[in-house]
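Each residue of the sequence shown is one higher than the last, beginning at 1 in the UniProt record's numbering.
Warning: the hint list may mix true and false statements.
Said to hold, decoys possible - Here are the computed lysine-lysine pairs in the DSBU-like style, where the Cα-Cα straight-line distance is at most 30 Å:
#, residue 1, residue 2
1, Lys371, Lys338
2, Lys333, Lys352
3, Lys36, Lys374
4, Lys352, Lys36
Don't read these hints as lab results, they were simulated from the structure.
Since the model is a prediction, treat every value here as computed from it, not as a measurement.
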Amino acid sequence: MSDSAPSADTVSFDSLIADSGAVATEFTTAFRGYDKDEVDAAIAELVSQTRAAGDEIAKLKDEQHRVAASTSEARGELERLRAQLAEADAVRAAEVERARAEESAARAGDADEATRLRDELTAAQAELASARKQLQTLTEELTGEGDSPNRKHFEEILRVAEEQASTLIKNASVQGDRLLEAAREEIDNRRTLAQQEAEAIIAQAQHEAAQVRLRIDTEVTAHEARLEREAAHAAEKVSQAEQEVAAIRAEAERGVAALRSQVTRETTRDRAEAEEAVRELRVRALEFEESLTRRQDDAHQEFLVLHNQAVAHAERITVDANEQVAASLEHAKRVSAKADDYERLARAQAHKIEADARVRAGEHLERSRAKSQKIIDLVTSHTQGVLRDAEDRTRQLRWQQHQLTSFMAEVKELIRPETSLGADAAADAASAEPQTAPDAATAVDDIDADAAAEVIGEAERIVEDAKD
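I would like the entire structure built from these sequences, with the hints used as guidance.
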C-alpha cells in the first residue's frame, strides 16, 4: 500500500509539472495578431489585383495611343486625298487651258491661211491688171501704126493672150474660192474637234473629280465610323476597368473586415483559453496541495527523485523556451523582411497607379483616406487592446510564478525539520530553485516580450499597408 501511494503521488506531481510546462509552452508559442498565411494570401491577392489593374490601364493607354495614331493616319489620308483632288482640279484646268490654246492657235493658223490666200489673189489680180495694161499699151501702139503685116499676128497673139488671161483669171478665181472653202471647212473641223476635245477633257476631269470626292467621302465616313467604334470600345474598357477597380477595392474592404473579425475571434478564443488554463492551474494546485499532505511521510525518499525530475524538467523547459525564443526571433525577422518587401512593392505599385490614375482617382482617394483612417483607428485600438491583453497575461504569468515560488518555499519549510537528509535535499532544492525560477521567469519574460513585439510589428505593418 505504501509503495502504491507514493507512485500515485509521484505520477500526480509529475503530471502537474508537465501540464504547467505544457501550458507555459502553449502560452509562449501562441502568436497574437493576424494569421500569417491569410495575411500573405490577402496581400498576394491584392498585389496581383493591383498588377492586373495596372496592366489593364496600360492596355487602355495603348488602345488610346493606337486610336490617336489611327486618327492621325486618317487625317493624313484625308489631306492626301484633298491634295489629289486639288491636283486633279489643276490638271483639269491645265487641260482646259491647253484645249483653249490649241483652239486659239488653230483659229490663228486658219486666219493666216486665209490672209495668205487673199494676198495671192491680190497679187494675181495685180499681175492681171499689169498684163491688161501692157496689152492695152500694145493695142494702142498697134492701132496707131495702122495696117501692118504684124497686126494680124499681134491680134492673134492678143486673142490668145486674152484667152489665156481669162483662163488664168478663171482658174485663179476657182482656185481661190476652192482654197477659201477648204480653209473654212478646215477651220470649222478644227474648231469642232477642239471643242469636242475640250468638252471630253472637261467631262473626264469632272468625272475624275466626282470619283475622287466620292472616294474621299466614303473613306472619311469609314474612318469616322471606325474612330467612333474605337472610342466606344475604349470607353467600354475604361468603364470595365473602373468597375474592376471598384470590385477590387470592395473585396479589399471585405478582406479587412474579415481579418478584423478573425482577430476579434482569435483574441476572444485566446482569452478564454488563458482563463481555462488559469482555472486548471488552480485546480491542479489544489490537487497538489492535497496530495502533498498525504505524501509528507514519504517525502524523504521521494524528494530527491522529484527534485531531479523538477530540475531536468526545468532544464527542458529552459531549452524549449530558448528554442522557441530563437524561432520567434527568426520568424519575426522573416515577417519583418517580408513586410518590408511587401511595403516596398506596394509603395512602388501604389506610386505607379497613383501617377497613372491621379486625374480619375480624386474622389476615390478622399473616400479611401476616410476609410483608411477608420481602419487605422480600429487597428490602433485593437492593437492597444492586444497589448493590454499581453501585459495582463504577462502579469498573470509572473503572479503564477510568484505563487509557485512561494509554494515551493513552503514545501521546503515543511520538509526541512524532519531529518538531515531532508535538510540536505532542501538545501539543494533551495540552491537550485532560485536559479531555475529566474531562468524560467527570464524565459517567460523574453517569450512574452517577443510575442508582444511581434504583435506590435504586425499591427504597425497593417497600419502602414492601410495608409498606403
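Hints versus structure:
1. With a CA separation close to 25 Å, the supplied pair Lys371 and Lys338 stays within the 30 Å bound.
2. Taken as a hint, the Lys333 and Lys352 pair is honoured in the structure, with Cα atoms around 28 Å apart against an allowance of 30 Å.
3. The straight-line distance between the Cα atoms of Lys36 and Lys374 is roughly 23 Å, inside the 30 Å bound, and the hint therefore holds.
4. As the CA atoms of Lys352 and Lys36 are separated by approximately 27 Å, the hinted pair is consistent with the 30 Å bound.
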